[in-house]
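Asks: Following the hints, put chains B and C in place on chain A, whose structure we already have.
Residue numbers (numbering that gives the first Met the number 0), protein chains in the order written: chain A, 0 to 286; chain B, 0 to 247; chain C, 0 to 109.
FYI, nobody ran anything at the bench for these hints, they're computed from the structure. We put the beta carbon where it would ideally sit given N, CA and C, even for glycine. Honestly, I wouldn't trust all of these hints.
[As the list claims (entries may be wrong)] Label-pair restraints from in silico Cβ distances:
1. B:Arg-17 to C:Gly-108: 20 to 28 Å
2. A:Gly-236 to C:Leu-93: 47 to 55 Å
3. B:Leu-44 to A:Val-108: 38 to 46 Å
4. B:Pro-205 to A:Arg-91: 35 to 43 Å
5. B:Asp-69 to A:Arg-271: 42 to 50 Å
6. B:Thr-137 to A:Ala-115: 41 to 49 Å
7. C:Ala-7 to A:Gly-97: 44 to 52 Å
[What the hints assert, rightly or not] Taking lysine to aspartate or glutamate pairs in the DMTMM-like style, the calculated list, with each CA pair at most 25 Å apart, reads:
8. B:Lys-89 to A:Asp-258
9. C:Lys-54 to A:Glu-41
10. B:Lys-89 to B:Asp-69
11. B:Lys-89 to A:Glu-41
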Amino acid sequence: MRFLRNRVADPDRDPAASMALLREVMDPPLDPGYASWAEAREAAGLPRSTGGRSLLLLVAAVTLGFLLSVAAQTLRTPDSADATTREELSHRIEVADGIGDERAAQIEVLRQEIQALQDLRARPPLDPGLADAAALQAGARAVVGEGVVLTLNDAPLSADSHDGDRVFSRDLQIIVNGLWATGAEAIAINGQRLTSTSTIRFAGQAIVVDLKALARPYVIEAIGPQDQLVDELRSGGTGTYLTELRSDYGILVKLVPEDEVTVPSASRLSTRVATVPDTTATTEDNS
Amino acid sequence: MSEQQSSMPVSTRHAWRRLGRLVRPRLSTGNVLAALMTLAVGFALVTQVQAANDVALDELRETDLIALLDDVSERADTLEAEIRLLESDKRALEQGSGTEAAEAALTRLTSHQILAGTVPVEGPGVTMTVEAREGGFTPTMMIDLMQELRNAGAEAIQIGAVRVVATSWIGIEDGTLLVDGQRVEAPFRIVAIGDPHTLSGAMAIPGGFTDSVRGIGGNVQVVEGEQLVIDALHRVEEPQYARPVPSE
Amino acid sequence: MIPLIGLAAGIVIGLVLSPTVPLWLEPYLPIAVIAALDAVFGGIRAALEAAFNDKVFVVSVLSNVLVAALIVLLGNQLGVGAQLSTGVVVVLGLRIFSNVAAIRRHLMGA
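Pulled out of the complex, with its shape left as it was, chain A reads as follows (with noise of 0.2 Å):
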């Protein structure tokens, strides 16, 4: 052991000997208080090491000990009880979620079934074109197509994130407005059909698509006139909303214009206190 030091501190072999600073902060010496007192004892006679049996020493150890024990309790605590009651509540999200999606499928199944049924079976039958498009129209019916795929995510975690550095609800809302705006036929954000009873919000700091909080990174696909979409979202007002989000806040934004982009059926189309007037009966309306 006193080879490794004197190494260390021999000048002539050291080519940072000036660095006494770093050298005193990599690998520091032993305490000189120890060193002097080891040297002071030597050369009276006693052994080097005063040992560990000492009243003093014990009440220092059980100070210790006690400071320990005290500052974990109080720095956890209040953590601590909060962090179960978070963590049963995220369990019971992703329970719930994990419902909701296999509902969703199982409505997707039922629907194609239900189609089959009807074609077979339907009488007096209904204008099965008028069906279909009316399916289409409303969102019932997954569609493919030429149009876009945007991928926004958080800016990197870093040391000095803000809140701002998010993507939040309402940039989502703003994209999608401008891609409807510039002719987009169906969209989906991160696989949920957007509806005309579809929302997009926040709950906290989740965004929240027709009830279901999407995980990161957000992928919005668009079905339309590619080039405009691609304009509108390089160049367009859409566009430097989207050069501020990534100039500004760091966010990542990925545009991706794609041949064959599908969007699948939405699951929630059924209208509960809505109806149509009787004076023009649906078949009317439409014949």
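Replies: Leaving out everything else, chains B and C in the frame of chain A:
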């Protein structure tokens, strides 16, 4: 080892050779251990990165989590209702008479048409009158209004003479608000069909649309009604880009 | 051995009593703990190098904790409390690590 001592500034050739010797795979306990360590580090790294990308439930405050749980549960419930509806439709189609099947089909058609905005709609809801000075009212406020109404369960919305559907957008031209490209002038008259209490309650939420209109010196009036009519229709154009995914 | 028992006893006392720390004292706790840890590792190292001295140990613990608290206090008064705390943690952390390195060298030769 002797190389190290003889010449302090080791030649680059030596350095490269040493690196090569380091990189060459050898099967020794030390190497295997080192490989395991690096494996663990890599695994931890990737997990951490993925965790950071995951939905950030951990970052949310407790109140936010509760709100989120409400949302997610509500979604599960509405989807369940939808399933029940579809199942009864299916039963009607499978077992019922032809007329029952046709009725079910018609109900669904009507729902779709209402959502697509191609038929007039009547039902309970609210009528709103929004007064605002020219210029003070921004498109984002109208987007907020649409979101808040939809969030409160509005099934059909009309702003001015424009039916609001999925593809509806808000713009601005020479200081005049555009809804789906049509000019809409203040005071805005808005009709929303849905549960009247929920809708008017949503309009009264502090910090919401009503507050922001008041903030610009405007005024919002909400009247609940049991039999309101939305007669504006959405003009449907044949989709040019979106085609149905062929069902297998 | 005795110091270890003392440490355990202190932890148990703290857990059993679980006193409520006044709010104004809370900011000093983390720094105080780290400063104390630094002194402890210094002591262990000294013991391994056969140079341990109980008086020096106690004085170093006390002075470390006091100076750390003083720095936090001063930092808070100057409005750079967070930065100063970080600095203290970095320096003490480095010392802890290098002391642990020395301890490791003695105990395991690596």
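Asks: Name the hints, by number, that the structure is in violation of.
Replies: Hint check: 4, 5, 8, 10, 11 fail, others pass.
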